[in-house]
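Here is how the chains run, residue by residue.
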Amino acid sequence: MSTTNYIGKPTSRVDGPAKVTGAATYAAEFQVPNLAYGWVVSSAIAKGRITKVHSEEVLAIPGVLEVFSHENVPSLAWFDRNYKDDVAPGGSPFRPLHEDKIQFNQQPIALVVAETLELARYASSVLRIDYEEEKHETDIEAKRDEGFEPGNGKSGWMPPPPPRGNPDKAWEEAEHRLEHEYVHGAQHHNPMEMFGATVEWRGDKKLTVYDKTQGVVNVQNYLTKIFGLSKDDCRVINHYMGGGFGSGLRPQYSVFLAVLASLELKRSVRVTLTRQQMFSFGHRPHTLQYVKLGTNPDGTLAALQHHALHETSQFEEYTENVVNWSGMLYQCENVKLGYQLAKLDVFTPQDMRAPGAATGSFALEVAMDEMAAAAGIDPIDFRIRNYAEEDQNAGKPFSSKRLRDCYHQGAAKFGWDQRNPQPRSMRKGNRLVGYGMAGGVWDATQKKAAAKATLTADGQLLVSSATADIGTGTYTIMTQIAAETLGLPLEAVTFKLGDTDMPEAPVQGGSWTAASVGSAVKSVCEAIGEKLLKLAQKMEGSPLKGASPDEVEFVNGQIRLRQDPDNAVVIRDVLQASGETKLETDSSATPNMLKQGTHSMHSHNAVFVEVEVDEEFGTVHVTRVLNAVAAGRILNPKTARSQVLGSIVWGISMALMEETIMDHQFGRYMNHNYSEYHIPVQADIHDIEVLFVEEEDDVVNPLGVKGVGEIGLLGVAAAITNAVYHATGKRVRDLPIYLDKLL
Amino acid sequence: MIQQSSTSAAAAGGVAAPPPTGTVRLTINGQQHTLQIAPWTTLLDALREYVHLTGTKKGCDHGQCGACTVLVNGKRINSCLSLAVMHEDHDITTIEGLGSQENLHPLQQAFIDHDAFQCGYCTPGQICSAQGLLNEGRAHTEEEIKEHMSGNLCRCGAYAGILNAVKEVVDSQLRMKN
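Protein chains in written order, with UniProt numbering: chain C, 1 to 743; chain S, 1 to 178.
By construction, these hints were calculated from the structure, which means they are not laboratory data.
Note that the Cβ used here is the ideal one computed from N, Cα and C, for glycine as well.
Please note that the accuracy of each hint is not assured.
DSS-like, lysine-lysine: derived pairs with alpha carbons at most 27 Å apart [unchecked claim]:
hint	chain 1	residue 1	chain 2	residue 2
1	C	Lys169	C	Lys205
2	S	Lys75	S	Lys177
3	C	Lys143	C	Lys343
4	C	Lys231	C	Lys447
5	S	Lys167	C	Lys9
6	C	Lys205	C	Lys225
7	S	Lys167	C	Lys413
8	C	Lys638	S	Lys177
9	C	Lys413	C	Lys231
So the derived label-pair ranges between C-beta atoms look like this [stated by the list, open to error]:
hint	chain 1	residue 1	chain 2	residue 2	range
10	C	Glu99	S	Gly137	26 to 32 Å
11	C	Asp687	S	Asn135	26 to 32 Å
12	C	Arg202	S	Trp40	30 to 36 Å
13	C	Glu264	S	Gln36	26 to 32 Å
14	S	Asn135	C	Pro397	57 to 63 Å
Please build the complete structure, drawing on both the sequences and the hints.
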């Protein structure tokens, strides 16, 4: 009987008490001495140049310390490569306050620094700036015919695979055919915490930077390259992040400006953005998609074509995998995928939760629903008839794929058999009822990561890694992994993260943290275990003498023989007997390419939705959602479930509410606040549930985990769209489904 | 009240001078604080930047998200939409005043038990709002709780957990009354 087996057990967040009491400290909340406040001034035009910054007027206000703009910024690093962060796309990164040129609306063009927050805000509000405007273009519709294939995307982006079979001829000859356009507008991440940084000046160009980021190492690399600082003099810390969703993958201009001001003024500086300014950087790009499907008489796919065009900035080529998934989710011999960008006068888009896949799965999965209806086949049956047993894009088998079980178990639990296939056939009073389903696929990725562990004589284990917990549960799952690996009680283990003084870890994104950092934590704890075993074997009369690491296990605070559990040594006694005060070691985990290279590694899901649509008002209520997810081993069903529940809320938002609307006359987002950028509130969410399908996978990584941060979002918006069709008979192909589209 | 004016002079260039600072006394979580602030300082900024009680969060500064919810004389308000100087005679309770890590308030414990948060940034506001809801005594059913907790946004989408956590405490209070 083991009491220290924590992996797979629902475990409350170890950082919960800090978060519910307000003790968790976020980037803009650190108290440092002699703090000045910076306030960002944003451009009022979309394109042109600044002819004059009237700094002198606000510098006359007592307490205003400096106005930084292109007019007085010191000379910084010259080459583009110094401004390229670890996850930057191709092109020339934006350099804040670098020149008089305005490239997008709300571009940061000045930073006003003052003794108090209120003074900085006031001074920035009265700072006059003269512009020379130029004609801008912010409408992708005007660039439909100017799409181009990106040259070099960001790391992790794959150009679509070349066509296979004869997709045009096969489509022409298909029994049932469809071709439609699917559209969604720009969306902004809008984490609850606004971007901000507190830079502590420790004298002599030594800084401690508390920044809102999904990757402290990325921010440190970025800052040291631009400002010519050594890593020792630029420590970056993020213990808690008030939501990321991708917005914190790249360093934001807030940290650049805070560091700039701190170095120039030789004092500590805090810069926090406003909610309006949270719409001034990366976003999910406005995307136009075109899907053509053809089926054979037996309901198998004869042809599949999927093309996407989305916006990027004038200066960078942002890329995401929108269409590639369509070549691997279903079996089809005739496939053509296309992907293009169009340059607009906006900021560069940025990865936003399940980037590309959330977009692509909407178009593909609505098209699949349309085809199922056209062919007279149940949508689940249609997907099973076209089930991909291998990844045809890569020509490789899946390391594991339990999508079929997602369909079956999900349908059974949801009650899919209660669905009358006829649209507009089910109702409750004056509400039309619809059932819809969809699904998706996401990468299971492992990146290189490192961790450090220290076991002290009192039996306490400290493990650390420069990773992040953006609300995903990193603190908790790493504590579970460490405790189980060394057989220690959860309370004896502390996991720390988010500090560049710790061993390096990748940015938290791509659903790879559990796999990457989890493997490093497991590895470093195993290394401590081996040291412990050696010390234990030196103990007088040790029952473990001659045992190899494989022959012992670490359970219940003991090291014991697997074959003979009564022969055991208490871990705390080992250190005390050895006279050592502590055991300490570093370790890193790298993907096993020998194993992984021969497989396609992905998580899958199937989403089932019930909607009720008011027949007269067209209001859509998502009354039930069941999200069936196959994502390998689930380390903590409690926190993993929360991630998928959150994804369901995101999917409801994407389907019904969320859209950043551009006023093309001004090239400016109109609804750049929480009041007009709609996301769900408590009253919008009804019965939502998660079903984890058991899935074993010994290829993906030593823990068998695939990550759950993104997979849950896939298919949700499509399933809602399909349910709305089933309820009303109206097919909506542009999100969000505002009520006027149903009237 | 503003009792003394600072020495700030009118600025040049047609820019109006900022208002003078003065002494403002606030009672927060039962403790007296004397602040030297201008009348334009919001209760939220006073809490975060002057008293260093950063448990109260800034999510929009416009009364749109509820992250800054605190209790003033037991009533929940958006502290970003209220000036500190207006609260000299009031009892202000922030998340730090509801409970501590060693001695959690029932709502705080319920939020942990039901995993009613992810990033934790909206959480203090959600909990203060829930305490305000309990004080109002008008929400008994799930539908009522959902309606009256809809002023607090959660971008992580932890609404299911929040509902269950608040419901648990509402139910236990109702049981104690009966």
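Results of checking the hints against the structure:
no. : hint                               : verdict
1   : C:Lys169 with C:Lys205             : violated (66 Å)
2   : S:Lys75 with S:Lys177              : holds (21 Å)
3   : C:Lys143 with C:Lys343             : holds (8 Å)
4   : C:Lys231 with C:Lys447             : holds (22 Å)
5   : S:Lys167 with C:Lys9               : holds (25 Å)
6   : C:Lys205 with C:Lys225             : holds (14 Å)
7   : S:Lys167 with C:Lys413             : holds (25 Å)
8   : C:Lys638 with S:Lys177             : violated (32 Å)
9   : C:Lys413 with C:Lys231             : violated (53 Å)
10  : C:Glu99 with S:Gly137: 26 to 32 Å  : violated (60 Å)
11  : C:Asp687 with S:Asn135: 26 to 32 Å : holds (29 Å)
12  : C:Arg202 with S:Trp40: 30 to 36 Å  : holds (32 Å)
13  : C:Glu264 with S:Gln36: 26 to 32 Å  : holds (27 Å)
14  : S:Asn135 with C:Pro397: 57 to 63 Å : holds (60 Å)
Hints 1, 8, 9, 10 from the list above are not met by this structure, while the remaining hints are.
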